[in-house]
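Enquirer: Residues per chain are reported as follows:
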Amino acid sequence: MLVANRGEIAVRVIRALREMNVASVAIFSEADRRALHVQMADEAVPVGPAASSESYLSIPRILHAAKITAAEAIHPGYGFLSENAEFASACERAHIKFIGPSSQTIEQMGSKTAARRVAIAAGAPVVPGTQQGIRDYDEARRTAAGIGYPVLLKAAAGGGGKGMRRVDRESELESAMRGASSEAERAFGSGEVYLEKLVDRPRHIEIQVLGDEHGHLIHLGERECSIQRRHQKVVEESPSPLVSERPELRHRIGEAAVRIARAANYTNAGTLEFLADQPGNFYFLEMNTRLQVEHPVTEWVTGLDLVQWQIRIAAGERLTLAQSDIAWRGSALECRVYAEDPLNNFFPSPGVIAQYTEPAGPGVRVDGGAYAGWTVPIEYDPLLAKLTVWADSRGAAIERMRRALAEFHVSGITTNLGLFARLLEDESFRAGNLHTGLLDEFMRTFAERSATSDDHDEAAVAAVLAAVSAGQKKIDGPTANGSANRWRSEARQGLFR
Amino acid sequence: MLVANRGEIAVRVIRALREMNVASVAIFSEADRRALHVQMADEAVPVGPAASSESYLSIPRILHAAKITAAEAIHPGYGFLSENAEFASACERAHIKFIGPSSQTIEQMGSKTAARRVAIAAGAPVVPGTQQGIRDYDEARRTAAGIGYPVLLKAAAGGGGKGMRRVDRESELESAMRGASSEAERAFGSGEVYLEKLVDRPRHIEIQVLGDEHGHLIHLGERECSIQRRHQKVVEESPSPLVSERPELRHRIGEAAVRIARAANYTNAGTLEFLADQPGNFYFLEMNTRLQVEHPVTEWVTGLDLVQWQIRIAAGERLTLAQSDIAWRGSALECRVYAEDPLNNFFPSPGVIAQYTEPAGPGVRVDGGAYAGWTVPIEYDPLLAKLTVWADSRGAAIERMRRALAEFHVSGITTNLGLFARLLEDESFRAGNLHTGLLDEFMRTFAERSATSDDHDEAAVAAVLAAVSAGQKKIDGPTANGSANRWRSEARQGLFR
Amino acid sequence: MKLRVEVDGEEYLLDLNRQGSEATYQLRGVSNESGQASGLASVVETQAGVYSVLLGNRSFEVRIANGREPAEVWAGQHRYLISQADARDSAGKRKGAAAVGPQEIRAQMPGKVIGILVAPGQHVEAGQGLIIVEAMKMQNEMRSPKDGVVSKIKAVAGATVAQGEVLMTVE
Amino acid sequence: MKLRVEVDGEEYLLDLNRQGSEATYQLRGVSNESGQASGLASVVETQAGVYSVLLGNRSFEVRIANGREPAEVWAGQHRYLISQADARDSAGKRKGAAAVGPQEIRAQMPGKVIGILVAPGQHVEAGQGLIIVEAMKMQNEMRSPKDGVVSKIKAVAGATVAQGEVLMTVE
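Protein chains in written order, with my numbering: chain A, 1 to 497; chain B, 1 to 497; chain C, 1 to 171; chain D, 1 to 171.
Hints were generated in silico from the structure; no laboratory data involved. Among the hints, a few may not be true.
[Claimed, not checked] Covered by chain B, according to a simulated footprint, are these stretches of chain D (three or more residues, beta-carbon under 8 Å):
no.: 1; segment: 40 to 53
no.: 2; segment: 101 to 113
no.: 3; segment: 120 to 128
[What the hints assert, rightly or not] Far from chain A, some chain D residues (derived; all Cβ distances over 12 Å):
no.: 4; residue: 56
no.: 5; residue: 116
no.: 6; residue: 117
no.: 7; residue: 132
no.: 8; residue: 139
no.: 9; residue: 145
no.: 10; residue: 146
no.: 11; residue: 157
no.: 12; residue: 159
no.: 13; residue: 162
no.: 14; residue: 163
Only a predicted model underlies this, so the values are computations on that prediction, with no experimental measurement involved. Even for Gly, the Cβ is constructed at its ideal location relative to N, Cα and C.
Same shape as in the complex, but just chain A (with noise of 0.2 Å):
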């Protein structure tokens, strides 16, 4: 089997795949030749310039990489072509077996207006708005009128924060749906956007589903993902603690999605994006036609494979798994690490990592795609490894994912562990009361709270070692005369790790 991807996904499908004694083929670009995904599988193809557009997203070299290495079947993993119809239709016409749902289901649940009106067919509540691209300002402005403001402006063919502007008032209306559709433009290929109400402190929910090629479909409850920053999830869990303190509602989101999954003949995995507000009402957002990065959460609380489970029914296997057999245990959390500076606003760290040390022992999971002394490449995203950790409360996950964190060292480049570390202690996040917007709130006041220790000690030691190690190996007594071979070591303590 092909796995079309790269980084970290990759690793974890081609881990998947050696359990199920299939044989792996990597693909990568030319920036790619040294990444861990092309070490660990057991064939690997170039397919191109570092440029995505020339490699990781060409249908026609992946499509010939399958095509010499005589795969049956490709995982596309998540980005790249994994919600592409297009590449979905040419594997099909390719007989080559695509890892997810039809090339037909992609294109209607790739559309958020399209898969918005699926969802209202099948009764499941949306958030009001725009049922499709809006054709100009004046539109706009009569629509965004009629909800309220504050609005959302969204781009109808993407996610993850592109093309996503927020609107207070009427006077940013015109230069926000400016920027958003050239930013679609620039990121979809189509500048189509549309128009949402805004819910207050909104909580990201999002339902796992799973469904065979026979009919069966069924769902593998919420992970909440309400921890973003530029609208990018960096920490999700299950169970949700919204959830937790209201039983109810994952069978009533449960039942919405998989309401909407049927309607569209969903296929493989799957996940239905809703936002809730603080009292329990949800709302349905958009389906993301793949793998989620953040499925092992689910794998730790529901205890199935959901990669395997992706493979055997895309082999045709029936899902034996009846809705009722699906249990969740304990709670699991995921931070995604970062090659990224989260005192510059996020901005990526690429480089070369001088030391990578994974945390490990019990309830711990890395999903990992670095190593010392590799280079983090420029060109894509800048996802170094998932760390994941589940115990059996949600607070004693959170102790544990602090163990993890401290054991997680990486050096050379920079990168968010440091925030999590403080996220961690924050009293909101503690409390599990979340909402979209709680890791912005938090940063206002971040680097204030990181920016002291009073460690002398800790630092005297860092300092002396510093020197011993570029070269003053040796540092001579004093001379005769009482004066020594001296030298000043000055140490400004970085903000944050």
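Since the structure of chain A is provided, determine the placement of chains B, C and D on it from the hints.
Expert: Below, chains B, C and D alone, put in the same frame as chain A:
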């Protein structure tokens, strides 16, 4: 809290303490200044020279270390002083909480003959044999004749295979008794041995119990540890395949275990070892009054953190779980990764670890105590790490373990990783037809089966790289007269990894 | 405060001066000096660039990422950027002086210049945007560290720049 | 079989001769030689001593543990012990010749000599126990590799020995 141990179990306890926000104190001998547990602890205190008897077994030195660090409790791990009643009693006198049962219970259950009397009184089945140490050869001869050969000689004061001898006929009895007794004398300071019926193709099945200091005690199900070399466990699992076939066994053995433990007023975590024959009859063997090496498999299937529970119970907390709260999910396997040579009678292989890479990803847990560049000391048990996996079935767990073993890379010293890779392909093992002699039988054909690989391409590239790495960084092209700067590289493939 | 530090058998004596949140260290070899230290640290290098430190009983790890200046050094969970200077040239180079004199604007990471927001000779205020560099599809606007005049612009729109490359100078 | 191997940009041509379960390799630089290779291997060193190999499309890792002779080299899941020899001295040093001539008995691991089972001048048979070394509380009996006479005994009972130390010689 002070951790009176070293290696992976000290690391395991330190991780639990960190998750509970309790400061940890490591102790180390002169041979262990660079050991991982020293680096991971909050504080570390030297306790003497390399010889265990003067460091890890020195009660006064350990109590002194506890005193100067103001430790309120001591976790003994396994081995060393963990089942030493005198140590527990010295802790009690020093008002330092010993994490384990009372010194009286250790004393009582630490003697196999005394423990056996407790079991019989509690109505649990035991293996036919003597109830106390044998005085002389004459008594041994009479007893053995009464039970019927084959019989087993065992040390009354210890476990782990030391002082154990199988005797198939009377002519072997006298010398076996001498050997067992002198080995027991050396290992445990007491040469007392006893005799029991040898169960044919026995399975080693043990029950984990957990009791608080308020009279509540439950069991956490069984582990099967039938894969042994030199009477030392190397692969453990839960559930036992025998129990999976006969689900009522878990309840029956568990009940027997709980009865014995209650009769001994047992508190904290403990393990009752049983022999089972293939039809499912079982006999109490002995009790380990401490945390077991293989506790992670129970943690995987029950979702409980045994070390954290040990600490909470020792702090006087109530065990808030009823027997009916305990649920078992899926299947967990453990491989003990030793620095030893399976092809040289499992002889230890200490030395410098050149490269060390642990596996990761879904369902994999590593409890390690080693790292690249570390010298495995000659003085202690050569356990490097425990690799445990979990999956929803035993078959999937075996495949996951194979995948994880392939990712586990240790070079510079010889390990048993390659043995596990082969053992997991063994038909009897895969079918769950385990018995304590299985590994010995397997070893008889292991060397031959492991001897060949006809992967000449792989070997050829390895040879080139060995040459390049050895300094032949640049090899000249052919000279004008056509003679080349040649060298020859000979590759002998190792028998196994 | 004086601290005796033993690194793989070599002894050093460290004078530590605290000045608010910053600290200055003086380090000497102490092979033939009488002990004045208030504490003893024992250090062993366990792996390349990784040191196990025992400061009294306290245990922590120090990791030295690389030999860059300033060196990135981790002690426990804290990151320190440590630069070394001879005692003779210790004066005057303090942090507060940073925004005095000509300031070079350097690329923080490899990327592509997608916009130059100022012209040579232009007056700029501290915090004013100067140039936009894109990397990994994200745009980073670099701002002026001081009030001043843009003296030199080396960057060219559309060009690829390396990390640390000087883009422009503000005087 | 000929194989072209590219290691971080340098090319090598490898002649592979199979002889039963053993294989002999000849390696040449091929910078100015016409391609005769039946396959191409691309190799990059990802970490010190760790190489990512693509042999055609096949991917595996080669790890070189250390520079000892023979070198411990891992390719995928297989361990190879690789010793190098100049083509000129390739003859006569085959495995079969191992038990000819004086044989030195060396300690396999650091340990303590706890028993010497033979005396100087004693005739021994191949497989006969010579000496017992204890390490990690386990005893290892070392046996004679050939029929012969014990010529020298360097080991002393009770002494600590280092790995590789010569304990005795059998001629």
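Enquirer: With reference to the structure, classify each hint as holding or not holding.
Expert: Hint check results:
| no. | hint | result |
| --- | --- | --- |
| 1 | 40 to 53 | holds (count 6) |
| 2 | 101 to 113 | holds (count 4) |
| 3 | 120 to 128 | violated (count 0) |
| 4 | 56 | violated (8 Å) |
| 5 | 116 | holds (44 Å) |
| 6 | 117 | holds (45 Å) |
| 7 | 132 | holds (38 Å) |
| 8 | 139 | holds (34 Å) |
| 9 | 145 | holds (40 Å) |
| 10 | 146 | holds (44 Å) |
| 11 | 157 | holds (42 Å) |
| 12 | 159 | holds (35 Å) |
| 13 | 162 | holds (27 Å) |
| 14 | 163 | holds (28 Å) |
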